[in-house]
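Novice: Sequence:
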Amino acid sequence: MRQLDIRSFAVTLSFCIFAVQAVMAAAAADENLNHTSSWPIYHGDSGLRGRANCSLPSKLSVLWRYKVGASISMAPVVGGGTIILTADNGELHSVKTSGEKAWAVAIQNPPAGTNVNKQVEQFSSPPLFCNGKVIVGSDAGYLYAVLHDTGKTIWKFHVGENVVSTANWIERNDSKGAGVVVISQAEGGLVRVDLEKGTKVWTTEPVARSDGSPGVGKDFVVFGSCDAALHFFSSADGSIKKRINLEGDGQIAGGVAVDGNLVFAGTRGGLAVCADVSKSAIVWTNQISNSETFATPALTDDRLITGANDGRIYCLDRNGGKIIWKTKVRGDPLSPVVAGDKVVVSSGGTLYMLSLKDGAELWSDKPSDTITSPAVFDEKVVVGTDDGFLIMYGAGK
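With our numbering as the guide, the letters of the sequence shown map in order to residues 1 to 397.
FYI, nobody ran anything at the bench for these hints, they're computed from the structure.
Among these hints, one or two may not hold up.
Listed below are the simulated DMTMM-like cross-link pairs for lysine to aspartate or glutamate, each with C-alpha atoms no more than 25 Å apart in a straight line [unchecked claim]:
no.: 1; residue 1: Lys-328; residue 2: Asp-341
no.: 2; residue 1: Lys-197; residue 2: Asp-341
no.: 3; residue 1: Lys-59; residue 2: Asp-386
no.: 4; residue 1: Lys-156; residue 2: Asp-227
no.: 5; residue 1: Lys-152; residue 2: Asp-249
no.: 6; residue 1: Lys-279; residue 2: Asp-386
no.: 7; residue 1: Lys-357; residue 2: Asp-386
no.: 8; residue 1: Lys-156; residue 2: Glu-247
no.: 9; residue 1: Lys-197; residue 2: Glu-247
no.: 10; residue 1: Lys-101; residue 2: Glu-91
no.: 11; residue 1: Lys-322; residue 2: Asp-249
no.: 12; residue 1: Lys-322; residue 2: Asp-386
no.: 13; residue 1: Lys-152; residue 2: Asp-211
no.: 14; residue 1: Lys-357; residue 2: Asp-369
no.: 15; residue 1: Lys-357; residue 2: Glu-247
no.: 16; residue 1: Lys-366; residue 2: Asp-249
no.: 17; residue 1: Lys-101; residue 2: Glu-292
Across the chosen pairs, the derived CB separations fall in these ranges [claimed, not checked]:
no.: 18; residue 1: Gln-122; residue 2: Asp-219; range: 33 to 39 Å
no.: 19; residue 1: Ser-278; residue 2: Ala-104; range: 43 to 49 Å
no.: 20; residue 1: Leu-147; residue 2: Ser-355; range: 19 to 25 Å
no.: 21; residue 1: Asp-317; residue 2: Cys-54; range: 21 to 27 Å
no.: 22; residue 1: Val-120; residue 2: Leu-147; range: 28 to 34 Å
For every residue, glycine included, the Cβ atom is placed at its ideal position computed from N, Cα and C.
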(Lines of atoms letter the chains of each structure in order from A and count residues from 1; the text may use other names and numbers.)
(Lines give C-alpha, C1' and ligand atoms only; values in the text may rest on other atoms or scores of the structure.)
Protein backbone atom coordinates (compact mmCIF):
# COMPACT_ATOMS: atom_id res chain seq x y z
CA MET A 1 0.00 0.00 0.00
CA ARG A 2 2.84 2.34 0.86
CA GLN A 3 4.53 1.61 -2.49
CA LEU A 4 1.28 2.55 -4.22
CA ASP A 5 1.17 5.81 -2.25
CA ILE A 6 4.76 6.60 -3.24
CA ARG A 7 3.99 5.91 -6.90
CA SER A 8 0.88 8.04 -6.65
CA PHE A 9 2.90 10.83 -5.05
CA ALA A 10 5.56 10.56 -7.77
CA VAL A 11 2.93 10.78 -10.50
CA THR A 12 1.32 13.76 -8.79
CA LEU A 13 4.69 15.46 -8.35
CA SER A 14 5.58 14.88 -12.00
CA PHE A 15 2.26 16.32 -13.06
CA CYS A 16 2.80 19.39 -10.86
CA ILE A 17 6.28 19.94 -12.29
CA PHE A 18 4.88 19.64 -15.80
CA ALA A 19 2.10 22.09 -14.94
CA VAL A 20 4.58 24.61 -13.53
CA GLN A 21 6.76 24.28 -16.63
CA ALA A 22 3.70 24.81 -18.81
CA VAL A 23 2.74 27.93 -16.87
CA MET A 24 6.31 29.26 -17.12
CA ALA A 25 6.36 28.57 -20.86
CA ALA A 26 3.01 30.30 -21.23
CA ALA A 27 4.31 33.28 -19.30
CA ALA A 28 7.36 33.46 -21.54
CA ALA A 29 5.16 33.21 -24.60
CA ASP A 30 2.96 36.00 -23.21
CA GLU A 31 6.03 38.20 -22.78
CA ASN A 32 7.03 37.56 -26.36
CA LEU A 33 3.62 37.66 -27.98
CA ASN A 34 0.89 39.50 -26.14
CA HIS A 35 2.16 41.82 -23.45
CA THR A 36 1.48 45.53 -23.97
CA SER A 37 4.80 46.37 -22.30
CA SER A 38 6.99 44.53 -24.78
CA TRP A 39 8.08 44.68 -28.42
CA PRO A 40 10.47 41.74 -28.34
CA ILE A 41 11.38 41.52 -32.02
CA TYR A 42 11.69 43.70 -35.08
CA HIS A 43 8.11 44.33 -36.25
CA GLY A 44 6.57 43.15 -33.02
CA ASP A 45 5.93 39.40 -32.98
CA SER A 46 7.07 36.14 -34.54
CA GLY A 47 4.64 36.69 -37.41
CA LEU A 48 6.25 40.10 -38.08
CA ARG A 49 2.74 41.59 -38.19
CA GLY A 50 3.73 45.06 -37.00
CA ARG A 51 0.73 45.44 -34.71
CA ALA A 52 1.14 46.88 -31.22
CA ASN A 53 -1.10 45.77 -28.38
CA CYS A 54 -1.73 49.35 -27.28
CA SER A 55 -3.10 52.64 -28.55
CA LEU A 56 -1.24 55.95 -28.81
CA PRO A 57 -2.12 59.48 -27.71
CA SER A 58 -3.17 62.03 -30.33
CA LYS A 59 0.18 63.80 -30.01
CA LEU A 60 3.60 62.54 -28.93
CA SER A 61 6.25 64.36 -26.91
CA VAL A 62 9.89 63.46 -26.26
CA LEU A 63 10.04 61.84 -22.81
CA TRP A 64 13.81 61.32 -22.80
CA ARG A 65 16.91 60.98 -24.97
CA TYR A 66 19.65 58.47 -24.13
CA LYS A 67 23.12 59.01 -25.60
CA VAL A 68 24.65 55.79 -26.92
CA GLY A 69 27.87 57.14 -28.42
CA ALA A 70 27.55 55.70 -31.91
CA SER A 71 24.99 55.61 -34.69
CA ILE A 72 21.98 53.34 -34.25
CA SER A 73 21.01 51.71 -37.54
CA MET A 74 18.95 48.72 -36.39
CA ALA A 75 15.48 48.90 -34.85
CA PRO A 76 15.40 48.54 -31.04
CA VAL A 77 13.29 45.95 -29.23
CA VAL A 78 11.64 45.94 -25.81
CA GLY A 79 11.46 43.10 -23.28
CA GLY A 80 12.02 42.35 -19.61
CA GLY A 81 11.53 45.99 -18.68
CA THR A 82 14.33 47.38 -20.87
CA ILE A 83 14.94 48.61 -24.39
CA ILE A 84 17.61 46.60 -26.20
CA LEU A 85 19.59 47.91 -29.15
CA THR A 86 22.79 47.50 -31.13
CA ALA A 87 25.05 50.45 -31.93
CA ASP A 88 27.28 50.77 -34.98
CA ASN A 89 30.42 50.59 -32.82
CA GLY A 90 29.54 46.99 -31.97
CA GLU A 91 28.06 47.62 -28.53
CA LEU A 92 24.90 45.94 -27.34
CA HIS A 93 22.89 48.14 -24.96
CA SER A 94 20.10 47.58 -22.47
CA VAL A 95 18.34 50.78 -21.37
CA LYS A 96 15.68 51.01 -18.68
CA THR A 97 12.32 52.36 -19.80
CA SER A 98 13.02 55.32 -17.51
CA GLY A 99 15.94 56.25 -19.79
CA GLU A 100 18.75 55.01 -17.55
CA LYS A 101 21.52 52.62 -18.54
CA ALA A 102 21.09 48.99 -17.47
CA TRP A 103 24.24 47.68 -19.17
CA ALA A 104 26.32 47.91 -22.32
CA VAL A 105 28.68 45.25 -23.66
CA ALA A 106 31.02 44.79 -26.61
CA ILE A 107 31.31 41.16 -27.67
CA GLN A 108 34.77 40.05 -28.72
CA ASN A 109 35.44 37.45 -31.38
CA PRO A 110 37.62 35.49 -30.77
CA PRO A 111 36.69 35.64 -27.06
CA ALA A 112 39.04 36.97 -24.40
CA GLY A 113 41.83 34.55 -23.45
CA THR A 114 42.76 33.46 -26.97
CA ASN A 115 46.03 34.33 -28.70
CA VAL A 116 44.31 35.55 -31.87
CA ASN A 117 43.92 39.29 -32.34
CA LYS A 118 40.57 40.16 -30.83
CA GLN A 119 37.98 42.22 -32.66
CA VAL A 120 34.72 43.67 -31.44
CA GLU A 121 31.81 42.08 -33.26
CA GLN A 122 29.71 44.33 -35.48
CA PHE A 123 25.96 43.80 -35.63
CA SER A 124 23.88 44.44 -38.74
CA SER A 125 20.64 42.82 -37.56
CA PRO A 126 18.05 43.83 -34.96
CA PRO A 127 18.20 42.00 -31.62
CA LEU A 128 15.57 39.54 -30.36
CA PHE A 129 14.37 39.27 -26.76
CA CYS A 130 13.21 35.75 -25.93
CA ASN A 131 12.76 33.90 -22.64
CA GLY A 132 15.17 36.07 -20.66
CA LYS A 133 17.80 36.12 -23.39
CA VAL A 134 18.90 38.59 -26.04
CA ILE A 135 19.74 37.01 -29.40
CA VAL A 136 21.67 38.94 -32.04
CA GLY A 137 23.49 38.11 -35.27
CA SER A 138 26.84 39.53 -36.35
CA ASP A 139 28.65 40.56 -39.52
CA ALA A 140 31.06 37.67 -38.94
CA GLY A 141 28.20 35.17 -39.22
CA TYR A 142 27.72 34.35 -35.54
CA LEU A 143 24.51 34.21 -33.56
CA TYR A 144 24.98 35.25 -29.92
CA ALA A 145 22.81 34.73 -26.85
CA VAL A 146 23.38 36.98 -23.85
CA LEU A 147 21.53 37.08 -20.55
CA HIS A 148 19.04 39.91 -20.48
CA ASP A 149 19.75 40.77 -16.84
CA THR A 150 23.54 41.09 -17.15
CA GLY A 151 24.62 41.12 -20.80
CA LYS A 152 26.80 38.06 -20.22
CA THR A 153 27.30 35.89 -23.32
CA ILE A 154 26.05 32.34 -22.70
CA TRP A 155 26.51 30.84 -26.16
CA LYS A 156 27.41 31.60 -29.75
CA PHE A 157 26.62 29.67 -32.91
CA HIS A 158 28.32 30.03 -36.30
CA VAL A 159 25.62 30.48 -38.92
CA GLY A 160 27.99 30.86 -41.85
CA GLU A 161 27.69 34.14 -43.70
CA ASN A 162 26.87 37.50 -42.17
CA VAL A 163 23.49 37.77 -40.48
CA VAL A 164 21.38 40.74 -41.60
CA SER A 165 17.89 39.44 -40.80
CA THR A 166 16.36 39.43 -37.38
CA ALA A 167 16.48 36.12 -35.56
CA ASN A 168 12.98 34.80 -34.88
CA TRP A 169 11.71 32.21 -32.43
CA ILE A 170 9.77 28.96 -32.46
CA GLU A 171 7.78 28.16 -29.34
CA ARG A 172 8.17 24.91 -27.39
CA ASN A 173 5.59 23.12 -29.51
CA ASP A 174 7.54 20.02 -30.46
CA SER A 175 10.02 17.57 -28.96
CA LYS A 176 12.93 19.79 -29.96
CA GLY A 177 11.95 22.56 -27.53
CA ALA A 178 12.03 26.31 -28.00
CA GLY A 179 14.29 27.42 -30.81
CA VAL A 180 15.66 30.35 -32.74
CA VAL A 181 15.67 30.53 -36.55
CA VAL A 182 17.96 32.74 -38.59
CA ILE A 183 18.92 33.12 -42.26
CA SER A 184 22.43 32.93 -43.65
CA GLN A 185 22.23 35.91 -46.01
CA ALA A 186 24.48 35.02 -48.95
CA GLU A 187 23.21 31.48 -49.57
CA GLY A 188 19.69 31.77 -48.19
CA GLY A 189 19.95 28.82 -45.82
CA LEU A 190 17.74 28.68 -42.73
CA VAL A 191 19.11 27.41 -39.41
CA ARG A 192 17.23 26.42 -36.27
CA VAL A 193 19.24 26.68 -33.04
CA ASP A 194 18.25 25.38 -29.61
CA LEU A 195 17.46 28.44 -27.51
CA GLU A 196 18.88 27.07 -24.27
CA LYS A 197 21.98 25.23 -25.53
CA GLY A 198 22.97 27.16 -28.65
CA THR A 199 23.29 23.93 -30.65
CA LYS A 200 22.03 23.22 -34.16
CA VAL A 201 18.63 21.55 -34.43
CA TRP A 202 18.44 21.55 -38.22
CA THR A 203 19.70 23.36 -41.31
CA THR A 204 17.87 23.71 -44.61
CA GLU A 205 19.33 23.44 -48.07
CA PRO A 206 20.27 26.91 -49.38
CA VAL A 207 17.79 28.43 -51.81
CA ALA A 208 19.07 31.87 -52.87
CA ARG A 209 20.42 35.06 -51.33
CA SER A 210 17.99 36.53 -48.82
CA ASP A 211 18.22 40.02 -47.31
CA GLY A 212 14.89 39.89 -45.46
CA SER A 213 13.67 38.46 -42.18
CA PRO A 214 11.79 35.18 -41.68
CA GLY A 215 8.20 35.10 -40.49
CA VAL A 216 7.05 32.20 -38.30
CA GLY A 217 3.62 30.56 -38.59
CA LYS A 218 1.99 27.72 -36.68
CA ASP A 219 4.12 24.99 -38.25
CA PHE A 220 6.23 26.78 -40.84
CA VAL A 221 8.89 29.42 -41.38
CA VAL A 222 8.76 31.60 -44.50
CA PHE A 223 11.07 34.10 -46.13
CA GLY A 224 11.53 35.74 -49.51
CA SER A 225 14.63 35.68 -51.66
CA CYS A 226 16.46 37.26 -54.58
CA ASP A 227 15.19 34.28 -56.59
CA ALA A 228 11.75 35.96 -56.79
CA ALA A 229 10.03 33.41 -54.58
CA LEU A 230 8.52 32.76 -51.17
CA HIS A 231 10.12 29.75 -49.47
CA PHE A 232 8.26 27.75 -46.80
CA PHE A 233 9.97 25.29 -44.46
CA SER A 234 8.71 22.99 -41.72
CA SER A 235 9.53 24.45 -38.31
CA ALA A 236 9.84 20.91 -36.93
CA ASP A 237 12.55 19.50 -39.20
CA GLY A 238 13.46 22.17 -41.77
CA SER A 239 12.09 20.24 -44.73
CA ILE A 240 10.78 22.21 -47.70
CA LYS A 241 7.01 22.63 -47.53
CA LYS A 242 6.30 24.96 -50.42
CA ARG A 243 7.83 27.35 -52.93
CA ILE A 244 5.66 30.05 -54.47
CA ASN A 245 7.17 31.90 -57.42
CA LEU A 246 6.47 35.59 -58.01
CA GLU A 247 6.09 37.39 -61.31
CA GLY A 248 8.23 40.17 -62.79
CA ASP A 249 10.80 41.76 -60.51
CA GLY A 250 9.56 39.58 -57.67
CA GLN A 251 12.69 39.67 -55.52
CA ILE A 252 11.88 40.13 -51.83
CA ALA A 253 14.35 41.91 -49.56
CA GLY A 254 12.01 42.72 -46.67
CA GLY A 255 10.37 40.65 -43.97
CA VAL A 256 7.37 38.42 -44.66
CA ALA A 257 4.36 39.00 -42.40
CA VAL A 258 2.35 35.93 -41.36
CA ASP A 259 -1.26 35.66 -40.18
CA GLY A 260 -2.62 32.11 -40.08
CA ASN A 261 -2.11 30.48 -43.48
CA LEU A 262 -1.72 33.85 -45.21
CA VAL A 263 1.60 35.60 -45.80
CA PHE A 264 2.21 39.14 -47.06
CA ALA A 265 5.26 40.78 -48.64
CA GLY A 266 6.47 43.44 -51.05
CA THR A 267 8.75 43.08 -54.07
CA ARG A 268 11.48 44.91 -55.94
CA GLY A 269 9.03 45.66 -58.74
CA GLY A 270 6.52 47.37 -56.44
CA LEU A 271 4.07 44.49 -55.99
CA ALA A 272 2.19 43.91 -52.77
CA VAL A 273 1.62 40.16 -52.48
CA CYS A 274 -0.67 37.89 -50.47
CA ALA A 275 -0.15 34.11 -50.64
CA ASP A 276 -1.87 31.15 -48.98
CA VAL A 277 0.54 28.44 -47.80
CA SER A 278 -2.26 25.86 -47.42
CA LYS A 279 -3.14 26.23 -51.10
CA SER A 280 0.39 26.88 -52.39
CA ALA A 281 -1.04 29.79 -54.33
CA ILE A 282 -1.02 33.54 -54.72
CA VAL A 283 -4.26 35.01 -53.36
CA TRP A 284 -3.77 38.47 -54.85
CA THR A 285 -1.15 40.93 -56.05
CA ASN A 286 -1.34 44.67 -56.60
CA GLN A 287 1.17 46.82 -58.47
CA ILE A 288 1.02 49.64 -55.93
CA SER A 289 4.23 51.32 -57.09
CA ASN A 290 6.97 51.22 -59.71
CA SER A 291 9.55 51.49 -56.93
CA GLU A 292 10.97 48.91 -54.55
CA THR A 293 8.49 47.89 -51.88
CA PHE A 294 10.70 46.27 -49.28
CA ALA A 295 9.02 47.43 -46.08
CA THR A 296 7.65 44.62 -43.93
CA PRO A 297 3.84 45.05 -44.05
CA ALA A 298 1.81 45.79 -40.93
CA LEU A 299 -1.45 43.86 -40.60
CA THR A 300 -4.82 44.47 -39.00
CA ASP A 301 -7.83 42.18 -39.31
CA ASP A 302 -8.86 43.81 -42.59
CA ARG A 303 -6.00 46.06 -43.70
CA LEU A 304 -2.37 45.93 -44.81
CA ILE A 305 -0.09 48.95 -44.45
CA THR A 306 3.26 49.14 -46.22
CA GLY A 307 5.73 51.61 -47.67
CA ALA A 308 7.45 51.95 -51.05
CA ASN A 309 10.55 53.79 -52.19
CA ASP A 310 8.37 56.32 -54.01
CA GLY A 311 7.94 58.06 -50.66
CA ARG A 312 4.42 56.83 -49.99
CA ILE A 313 2.65 54.84 -47.31
CA TYR A 314 -0.04 52.56 -48.73
CA CYS A 315 -3.07 51.08 -46.98
CA LEU A 316 -4.70 48.13 -48.75
CA ASP A 317 -7.73 45.95 -48.19
CA ARG A 318 -5.98 42.76 -47.11
CA ASN A 319 -8.75 40.56 -48.50
CA GLY A 320 -8.36 41.73 -52.10
CA GLY A 321 -5.40 44.11 -52.23
CA LYS A 322 -7.34 47.22 -53.29
CA ILE A 323 -5.72 50.52 -52.24
CA ILE A 324 -7.77 52.29 -49.55
CA TRP A 325 -5.46 55.30 -49.18
CA LYS A 326 -1.91 56.44 -49.82
CA THR A 327 0.03 59.21 -48.10
CA LYS A 328 3.14 61.03 -49.28
CA VAL A 329 6.02 61.33 -46.79
CA ARG A 330 9.58 62.65 -46.98
CA GLY A 331 12.20 60.06 -47.92
CA ASP A 332 11.79 56.30 -48.32
CA PRO A 333 9.60 54.85 -45.56
CA LEU A 334 10.69 51.96 -43.36
CA SER A 335 8.39 49.26 -42.00
CA PRO A 336 5.20 50.76 -40.49
CA VAL A 337 3.50 49.82 -37.22
CA VAL A 338 -0.21 49.89 -36.37
CA ALA A 339 -1.22 50.96 -32.85
CA GLY A 340 -4.97 51.15 -32.33
CA ASP A 341 -6.39 53.64 -34.83
CA LYS A 342 -2.98 55.05 -35.78
CA VAL A 343 -0.02 54.15 -38.00
CA VAL A 344 3.54 54.99 -36.93
CA VAL A 345 6.33 55.00 -39.51
CA SER A 346 9.87 56.34 -39.91
CA SER A 347 10.90 57.98 -43.17
CA GLY A 348 13.69 60.38 -44.11
CA GLY A 349 14.64 60.99 -40.48
CA THR A 350 11.05 61.90 -39.58
CA LEU A 351 8.72 59.94 -37.31
CA TYR A 352 5.14 60.13 -38.56
CA MET A 353 1.84 59.29 -36.91
CA LEU A 354 -0.99 58.81 -39.42
CA SER A 355 -4.68 58.03 -39.16
CA LEU A 356 -5.37 54.37 -39.89
CA LYS A 357 -8.77 55.36 -41.24
CA ASP A 358 -7.69 57.71 -44.04
CA GLY A 359 -3.90 58.21 -43.86
CA ALA A 360 -4.11 61.81 -42.68
CA GLU A 361 -0.96 63.06 -40.95
CA LEU A 362 -1.74 63.56 -37.26
CA TRP A 363 1.73 64.40 -35.95
CA SER A 364 5.40 64.26 -36.96
CA ASP A 365 8.85 64.98 -35.57
CA LYS A 366 12.29 65.00 -37.21
CA PRO A 367 14.89 64.12 -34.56
CA SER A 368 17.75 63.38 -36.97
CA ASP A 369 18.72 62.80 -40.60
CA THR A 370 18.14 59.04 -40.29
CA ILE A 371 16.15 57.08 -37.72
CA THR A 372 15.27 53.42 -37.22
CA SER A 373 11.93 51.72 -37.52
CA PRO A 374 9.92 52.28 -34.34
CA ALA A 375 9.30 49.96 -31.42
CA VAL A 376 5.82 50.56 -29.95
CA PHE A 377 4.78 49.48 -26.46
CA ASP A 378 2.78 50.71 -23.47
CA GLU A 379 1.49 53.77 -25.40
CA LYS A 380 5.07 54.81 -26.17
CA VAL A 381 7.31 54.86 -29.25
CA VAL A 382 11.09 54.36 -29.31
CA VAL A 383 13.51 55.01 -32.18
CA GLY A 384 17.28 55.15 -32.60
CA THR A 385 19.08 57.89 -34.53
CA ASP A 386 22.16 58.18 -36.71
CA ASP A 387 23.66 60.70 -34.29
CA GLY A 388 23.64 58.13 -31.51
CA PHE A 389 20.50 58.78 -29.48
CA LEU A 390 17.75 56.46 -28.32
CA ILE A 391 14.59 58.56 -28.06
CA MET A 392 11.36 57.70 -26.26
CA TYR A 393 8.10 59.41 -27.19
CA GLY A 394 4.87 59.35 -25.24
CA ALA A 395 2.02 61.47 -23.98
CA GLY A 396 3.15 64.94 -22.93
CA LYS A 397 2.46 66.37 -19.50
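Novice: Does Glu-91 sit within 25 Å of Lys-101, going by the straight-line distance between their CA atoms?
Specialist: holds, 13 Å
Novice: Between the alpha carbons of Lys-101 and Glu-292, is the straight-line distance 25 Å or under?
Specialist: violated, 38 Å
Novice: Taking the beta carbons of Leu-147 and Ser-355, is their distance inside 19 to 25 Å?
Specialist: Violated - the Cβ-Cβ distance for Leu-147 and Ser-355, about 41 Å, lies outside 19 to 25 Å.
Novice: Please verify whether Lys-152 and Asp-211 have alpha carbons no more than 25 Å apart.
Specialist: Judged against 25 Å, a Cα distance of about 28 Å means the pair is violated.
Novice: Need the status of pair Lys-152, Asp-249: alpha-carbon distance at most 25 Å?
Specialist: Status violated; Cα separation ~44 Å.
Novice: Check the hint pairing Lys-357 with Glu-247 against an upper bound of 25 Å on the C-alpha distance.
Specialist: violated, 31 Å
Novice: When you check the alpha-carbon spacing of Lys-197 and Glu-247, does it fall within 25 Å?
Specialist: Violated, at roughly 41 Å.
Novice: Is the hinted pair Lys-357 and Asp-369 satisfied, with a Cα-Cα distance of at most 25 Å?
Specialist: violated, 28 Å
Novice: Is Lys-328 close enough to Asp-341, meaning Cα to Cα at most 25 Å?
Specialist: Holds - the C-alpha atoms of Asp-341 and Lys-328 are around 19 Å apart, at most 25 Å.
Novice: Taking the CB of Asp-317 and the CB of Cys-54, does the distance hold inside 21 to 27 Å?
Specialist: About 24 Å separates the Cβ atoms of Asp-317 and Cys-54, which means 21 to 27 Å holds.
Novice: Is the straight-line distance between the alpha-carbon of Lys-322 and that of Asp-249 25 Å or less?
Specialist: holds, 20 Å
Novice: When you take the CB atoms of Val-120 and Leu-147, is the distance between them in 28 to 34 Å?
Specialist: violated, 19 Å
Hint violations for this structure: numbers 2, 4, 5, 6, 7, 8, 9, 12, 13, 14, 15, 16, 17, 20 and 22, all remaining hints satisfied.
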